[in-house]
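Enquirer: Sequence:
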Amino acid sequence: MLDQLREDVRTARETDPAAKATAEVLLYAGLHAVWAYRLAHWLWTRDHQFSARLLSQLTR
1 MLDQLREDVR TARETDPAAK ATAEVLLYAG LHAVWAYRLA HWLWTRDHQF SARLLSQLTR
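FYI, in our numbering the residues of the sequence shown are 1 to 60.
To be clear, the hints were calculated from the coordinates, so they are not data collected in a lab. Fair warning: this is a prediction, and the values are worked out from it, not measured in the lab. Each residue gets a CB set at the ideal place from its N, CA and C atoms; glycine is no exception. Some hints could be false.
[As the list claims (entries may be wrong)] Taking CB as the label site, the calculated pair distances span: (1) L54 to K20: 31 to 39 Å; (2) L2 to L58: 16 to 24 Å; (3) A19 to S56: 20 to 28 Å.
Sequences are here, hints too, so could you generate the full structure?
Expert: Now the structure itself:
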């Protein structure tokens, strides 16, 4: 999972010409949305529907 997070940051940094630093990319709302979705999906598929739903609501 950590490898996927690193890959997301690397991809965002490489594809966004406005990104000047890795720390800046970590503040992107779109990146947070993707990470929250992935975590909620992981929870949902492991039968933690309430936690997944709560996470999706809190990260809107």
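Enquirer: Does each hint hold? Answer for all of them.
Expert: These are the hints, each one checked on the structure:
| no. | hint | verdict |
| --- | --- | --- |
| 1 | L54 to K20: 31 to 39 Å | holds (35 Å) |
| 2 | L2 to L58: 16 to 24 Å | holds (22 Å) |
| 3 | A19 to S56: 20 to 28 Å | holds (26 Å) |
The structure meets every hint from the earlier list without exception.
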